[in-house]
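Take the given structure of chain V and dock chain R to it, following the hints.
Chains as they are written, first to last, in numbering that gives the first Met the number 0: chain V, 0 to 703; chain R, 0 to 703.
Please keep in mind that the hints were generated in silico from the structure rather than gathered at the bench.
One copy or any two copies: either way a pair holds, since identical chains are not told apart in the list.
Restricting the straight-line Cα-Cα distance to at most 27 Å, the calculated cross-link-like pairs of lysine-lysine (DSSO-like) are:
(1) K394 - K75
(2) K336 - K394
(3) K458 - K258
(4) K336 - K75
(5) K456 - K258
Number of protein chains: 2
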Amino acid sequence: MGFTSRHFGGVKPSKALLFLPCLFTFFLVGSQGESTAMDNVATERLAEESHRQDSANLLIFIMLLTLTILTIWLFKHRRFRFLHETGLAMIYGLLVGVILRFGVHVPQNMSNVVLSCAVNASPATLLVNISGRYFEYTLKGEVSRGKGHQVQDDEMLRKVTFDPEVFFNILLPPIIFHAGYSLKRRHFFRNIGSILTYAFMGTVISCFVIGLTMYCFVSFMKVVGQLGGDFYFTDCLFFGAIVSATDPVTVLAIFNELKVDVDLYALLFGESVLNDAVAIVLSSSIVAYQPAGDNSHSFEAMAMLKSFGVFLGVFSGSFALGVATGVMTAFVTKFTKLRDFPLLETALFFLMSWSTFLLAEACGFTGVVAVLFCGITQAHYTYNNLSPESQDRTKQLFELLNFLAENFIFSYMGLTLFSFQSHVFNPLFIVGAFVAVFLGRAANIYPLSFLLNLGRKNKIGSNFQHVMMFAGLRGAMTFALSIRDTATYARQMMFSTTLLIVFFTVWICGGGTMPMLSFMSISVGVDSDQESSVTMVDGSQRRNTKRESAWPFRIWYNFDHNYLKPLLTHSGPPLTATLPACCGLLARCLTSPQAYENEGQLHDDDSDFILNDANVSSMYADVTVSTDASGSRTINRKRSSTGGTGGGPPDDGLDQELTLGEHELVIRGTRLVLPMDDPVEPPTTVTLPPPPSPPHSDPHRHRL
Amino acid sequence: MGFTSRHFGGVKPSKALLFLPCLFTFFLVGSQGESTAMDNVATERLAEESHRQDSANLLIFIMLLTLTILTIWLFKHRRFRFLHETGLAMIYGLLVGVILRFGVHVPQNMSNVVLSCAVNASPATLLVNISGRYFEYTLKGEVSRGKGHQVQDDEMLRKVTFDPEVFFNILLPPIIFHAGYSLKRRHFFRNIGSILTYAFMGTVISCFVIGLTMYCFVSFMKVVGQLGGDFYFTDCLFFGAIVSATDPVTVLAIFNELKVDVDLYALLFGESVLNDAVAIVLSSSIVAYQPAGDNSHSFEAMAMLKSFGVFLGVFSGSFALGVATGVMTAFVTKFTKLRDFPLLETALFFLMSWSTFLLAEACGFTGVVAVLFCGITQAHYTYNNLSPESQDRTKQLFELLNFLAENFIFSYMGLTLFSFQSHVFNPLFIVGAFVAVFLGRAANIYPLSFLLNLGRKNKIGSNFQHVMMFAGLRGAMTFALSIRDTATYARQMMFSTTLLIVFFTVWICGGGTMPMLSFMSISVGVDSDQESSVTMVDGSQRRNTKRESAWPFRIWYNFDHNYLKPLLTHSGPPLTATLPACCGLLARCLTSPQAYENEGQLHDDDSDFILNDANVSSMYADVTVSTDASGSRTINRKRSSTGGTGGGPPDDGLDQELTLGEHELVIRGTRLVLPMDDPVEPPTTVTLPPPPSPPHSDPHRHRL
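This is chain V alone, in the form it adopts within the complex (with noise of 0.2 Å):
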């Protein structure tokens, strides 16, 4: 684990925790170093008592996390709205840092050692011959210069610091991944475009706002002598990148509780799951453009396009990356029986939803934004070859790890105000980063909005738009970036500052979210799936849709929908019917049994986004007969998972006999599809495709 451990020689390190709200009160022994000739056991007592450290860091996290489990519980028991989770988190996290901060007093030691030595670089590894037994050592990081001596100061608050990687290794790829795997995709894909113009363009102008407003305010501060450090244009633009993420993630679950209109809820959602990953490389892609070696740090415009070049390199690798082992995942679990055994096949899921993060930082790419492309593309094919129980099961097992690790992480910021170090609070820039990140979302949203609403016959009303203003949160994307580096003053300031900013929009703008709502009368209580079940049945109101999106984006639907989805999972129309003629032996080894069974069911909740203008016709008869297929649906998935509940109440068998004739109903309406003509042997097709959607139930179930 990668925690900063350090060694106190003669003190007891559980004072920390005497003041915690800890559950167990105990006490560790703290032993006396002994410098003797026991070389061995004070090196081996050393490693220990670093150990306990260690693990007495992580049970202050765990603590806290428990308690904040309890209070939400608390809240929710008592419907109180106000304070989200992770508002919650940070405070419990403030209050702790300020305990460490103020409470505890730690008597300074010696054990740390400066040496001085003759070596040009700095080594990953130094070999350390003392008194002629060689230690290995192992490289940390640089300390700040003049720091040197007051380094063990505050052992005590140095402690609960984490390596900041721990937040980009261990802690964000699940809430990344998790965003990607529980999207909304039929609400995301007919607003893509709208998403990705927000999450493309929208981030990049408020980067390059932010970055020029700060740059206005830096040179004013240097002019007024307020400055105490170098800060360049570049630091600007990456200030700018860092706090362009968004991370509505408490806006949002008020709105999921309240049932929001569910385009704004798929606005704010894409816009804020795709510019996390635009902010990243965008940032590092700043970092790439600061001229190395000189510290000239002037404009240049060979390095300004190298540095989009790197973007969009990192980018689309990344990008590809994800999709291809989404892919590789739907093909192994397509071409293999693994379903039978849900255990090996959810093993499976997660190691190669993992292996994408370390293929990309193995690859240079970023992680992070292959493990989105990665989810999204495990919901919208693997996740139809996975069995019931496995799609129970990865769903259940990821959104434990994103609570787990958005919990943490929000604990972890609050603690941060007080335990770190370096902090540089400056009020001419925390006013001016207020000011800068303001303008920015304006500039984002509202001449977005207007260009958008040129083209999208679904206009994005003003109260739209103030309310995706308003909802600009800044959260664990914004806060990890921070933290990665704040080597410098400039960066130093600018972590301080983007704490305060995650603090304000996570109290206040969240906080306000319901406020906000009423006064901006955004309809509340929306049934996502009565308006869709209205879309799909309603044809016109289809057409609208259709025409909604970009014909770039038809092509792809129809690509996905005729050749992805048959290739990739057991849905679609089988490959033998969609490919030409000459492909016919391909098209029969690749198309699973399946997928002739289901040819009548396609009608999953994005396959009327994906038809093309000349299948109109054929796709409204499709439509009359899926409604019927998916009764029939439902009822096969109803004696499959029998032998797991044990049946159905015993008061519902009335109900049962009436399902049982509208079942015999069904296998009549589509005899020429469903190979079920003997209704007196059940259906041997008890593996029928299952509701695709991961994140909502399916909306055919409500209209039988």
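Using the frame of chain V, we list chain R on its own:
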């Protein structure tokens, strides 16, 4: 992430990956270390390169696991039982180890620097002043003497070496927790006396027999001149302790599949779970026994006693801590309505279980042992309070973690045979070790079985004894204990020998289980549920079972049934009925409303071993009622599960009506207990306790 991260100056680090059976081929662009003035950039690049390397290393293992999963599936699909998944994982690891060892040659580089300095001890943190800038280094450990110059010889192999503590802190806890959580408690408790005897006395006997045998061999080797270094008596004992931990994961998987006799299963499983705990504590006590400072390593009575004290202290401390957190979780889940939010509940359960480990480590106890008892407590109490969804979630989560961790350890084991740098294979020692392990196991099983059979009604047959002898595989725990410290010659020889013992037992003994079972003519295909329901109905057999348990266990069962279960869970008789009248108020506060409703239903799967002679008669009446009550419970559960799965299958209609009739009967049978007087209104007690045993389905369901 605890890898040994090292950097190669100008080497393309992807070479290893090209030899992997991995699905992508990719190239990493190696960057020549620029030793110009741009230290900053160089350092950053170093860190980045090292991070890439780490990702690539971890990717090797992920790919190995993925491959293992696919092959396991193939084996299960083809019903090929001679090689278990763990054996398979080892083979794949072995192959990759061979490739890394002989297929890849990395040119040397000099990026490691040896410093000499005048410090006395080795500090945990080192600040190195390199041309005016301070770099922070942390201690990784001592490098074996005289190896200072050869350290970077085989970087490629060192890279894939994990910090051994990773096994103890990350991989073992979920395995051990899962063992505790999925314990078949009914059969476990029925044989608890025998299990404890084998686990405690057996392991200690085995440890000393192996230790003494090895001491004879080592003395002989010293005479012959085959010993290349020091090997003391305490080393022999330590070796005895680490190879005494059995891990019959292969055997039990086959037993489970074939439904071998449940008592044999319980004996083997219980022994192997508990003797892991005993072996850990025993080995650390032996290390503590080694007289500090002087290297006499002679036998001292006082040190021996001290060591025994350490054993008792650490074991009981870990036990108490594990049980305490389990009880705490039971309390929290009982007295909050957390069950309305399965995600929160699962997260809390996970965090509390993890905190057990950290707490124990922070207190200086053994986390793994604490986690085992925490798991047992959670399964016995907390599991009853969880919502059905959380029960599934927690089971599946720990099942997955267990699966991944186990296969990771076994594939790492295979890899280690070739990647570990300091193997010491001594043919004489290896032969001695195999003989000693055989003798140790025999001295554990046969004499103790003889003694136990004196007291047992249900004798342990000689064929059972032979199977137990044969099934003494060595696995994850033995490996983790032996890799923990490989600094000295003795420890290196132990590690290499242990590896061979693990390979041999997993492949030969594991693979030979099927022939062994048929050779010993042990009955196969015993349905544990059927067998137990017979026990329940047949009164005489019940009394046999009861008499089997010794009196301390009977007292404990009684206490557990009357006080602990009602206090910690929703099940059991109300405390108001069991506590003396003076505690009336307290009892009323602590009894959950469900307890009154369930009073007649208390018959969960170990209640029949809980009662003492005093209430045998009342017990009989209770059982008669409970058979009905369980029927009503099943119906209630059906009702509650309807919302989730959508009712029973259509052809269950008749069956449904039958059940309904039975339901009426049930209501009349338990009228005094269940508040379900109005048959029209559905009962409001949908929150009735689910079947309380995690691993197997409720036997009462089969009796409907």
